[in-house]
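These protein sequence lines are chains H and W, in that order.
With my numbering, letter number 46 in the first sequence gets 46, and the count goes up by one each step, no holes.
With my numbering, letter number 60 in the second sequence gets 60, and the count goes up by one each step, no holes.
Simulated from the structure, these hints should not be mistaken for lab results.
Be aware that a few hints might be false.
Claimed, not checked - What follows is a list of derived Cβ distance ranges for each label pair:
#, chain 1, residue 1, chain 2, residue 2, range
1, H, 146, W, 42, 19 to 27 Å
2, H, 73, W, 85, 37 to 45 Å
3, H, 24, W, 85, 44 to 52 Å
4, H, 15, W, 114, 42 to 50 Å
5, W, 15, H, 28, 53 to 61 Å
Even for Gly, the Cβ is constructed at its ideal location relative to N, Cα and C.
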Amino acid sequence: MLAGQLMDLRSALHAQGVIFAYSGYVTEPVLSGVGEALKQKLTIDDADTKTLRSVFAIFVEQMQNIIRYSAEKAHQALPPASDAGALTEIRYGILTIGREGDDYVVCAGNLVERTDVPRLRERLSKIRSMSKDELKALYKEQLRSDPEQGSKGAGLGLMEIARRATQPIDFDFADVDDEYSFFALKATI
Amino acid sequence: MRDKLNIEATSRTPAVVFDFANHHMKISGESYPEDVTEFYRPVFDALDTYLGKLGKGTCRFDFELIYLNSSSAKAVMMLMDKLEDAAKKGAAIEVYWFYDKEDDTMQELGGEFGEDLETAKFHLEKMPG
Numbered sequence: 001m002l003a004g005q006l007m008d009l010r011s012a013l014h015a016q017g018v019i020f021a022y023s024g025y026v027t028e029p030v031l032s033g034v035g036e037a038l039k040q041k042l043t044i045d046d047a048d049t050k051t052l053r054s055v056f057a058i059f060v061e062q063m064q065n066i067i068r069y070s071a072e073k074a075h076q077a078l079p080p081a082s083d084a085g086a087l088t089e090i091r092y093g094i095l096t097i098g099r100e101g102d103d104y105v106v107c108a109g110n111l112v113e114r115t116d117v118p119r120l121r122e123r124l125s126k127i128r129s130m131s132k133d134e135l136k137a138l139y140k141e142q143l144r145s146d147p148e149q150g151s152k153g154a155g156l157g158l159m160e161i162a163r164r165a166t167q168p169i170d171f172d173f174a175d176v177d178d179e180y181s182f183f184a185l186k187a188t189i
Numbered sequence: 001m002r003d004k005l006n007i008e009a010t011s012r013t014p015a016v017v018f019d020f021a022n023h024h025m026k027i028s029g030e031s032y033p034e035d036v037t038e039f040y041r042p043v044f045d046a047l048d049t050y051l052g053k054l055g056k057g058t059c060r061f062d063f064e065l066i067y068l069n070s071s072s073a074k075a076v077m078m079l080m081d082k083l084e085d086a087a088k089k090g091a092a093i094e095v096y097w098f099y100d101k102e103d104d105t106m107q108e109l110g111g112e113f114g115e116d117l118e119t120a121k122f123h124l125e126k127m128p129g
């Protein structure tokens with residue numbers, strides 16, 4: 001029963017070509033650890049340097065997107081004696097790395113607030129439709145501008161993913177309830 | 001001012017060697033820190049202090065980065081801006097961007113940073129070996 005259930009989960013992942021799967025709360029040390037294992041696996045696969053760096057770069061941006069922006073989170077209030085403003089906060093998401101034919105695919109998913117969906121969809125559609133030269137121009141523009149409201153990074157992560165990917169990025173949203181949607185982003189290298 | 005700023009590399013942060021006495025700065029390795037602001041703050045502070053006193057002196061800055069994430073790219077741009085400002089004030093600044101010939105993404109990124117350097121002199125070169 002136990003072995004059967006867990007093996008079914010593993011088989012479902014295998015059937016989709018998944019080599020790595022992480023579902024749960026993501027922290028920076030998780031990124032470090034999974035990242036090291038990913039580098040080792042890519043080296044064992046004898047992936048060329050550019051593929052290795054691109055898969056890794058996309059993995060980092062996807063993980064950091066979950067860490068920073070997933071709408072599903074757990075808080076732990078610190079004792080009153082410590083820094084009053086500080087909360088330890090961890091965010092939930094899922095990330096898989098797998099193969100599709102000769103390609104690598106990095107997929108990430110997390111909850112987002114439904115009110116953020118139109119803005120995110122518009123931004124991703126724009127990035128998806130751009131040529132490498134247009135992406136380069138937008139990347140430079142974004143690098144020079146102040147981060148958008150609500151952004152905790154330089155606002156460059158999605159563009160970095162699109163630039164490193166060898167095919168247009170794929171994305172999708174599925175409504176979960178009145179408040180949240182599930183957001184999925186796939187990059188192929 | 002200290003003679004040197006020496007930060008050892010970790011798996012997620014680059015080695016930083018600022019040899020102020022010899023006017024030679026170098027950042028090498030990988031850059032995807034857990035907290036970009038925290039990592040680069042002392043680097044910015046040290047460079048600001050040094051460049052503030054450089055006047056019309058000479059300085060060489062080497063970037064030998066294998067990989068940087070998108071938030072580190074912003075930090076690198078800020079370093080470039082500081083160097084360009086010092087050059088505009090009369091310093092002779094030479095910026096070298098070394099890239100791994102196997103990864104043209106880093107070559108392209110270097111070129112993009114270089115485009116914004118008008119007064120500081122920019123060199124785009126393959127990493128030796």
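Now the hints, each set against the structure:
Against the hinted window of 19 to 27 Å, the Cβ-Cβ separation of residue 146 of chain H and residue 42 of chain W comes to about 23 Å, which satisfies the hint. Between residue 73 of chain H and residue 85 of chain W the Cβ separation comes to about 40 Å, which falls inside the hinted range of 37 to 45 Å. For residue 24 of chain H and residue 85 of chain W, the Cβ-Cβ distance of about 45 Å falls inside the hinted range of 44 to 52 Å, so the restraint holds. At about 47 Å, the beta-carbon gap between residue 15 of chain H and residue 114 of chain W stays in the expected band of 42 to 50 Å.
Separation of residue 15 of chain W from residue 28 of chain H is about 20 Å and departs from the stated range, judged on CB atoms against 53 to 61 Å.
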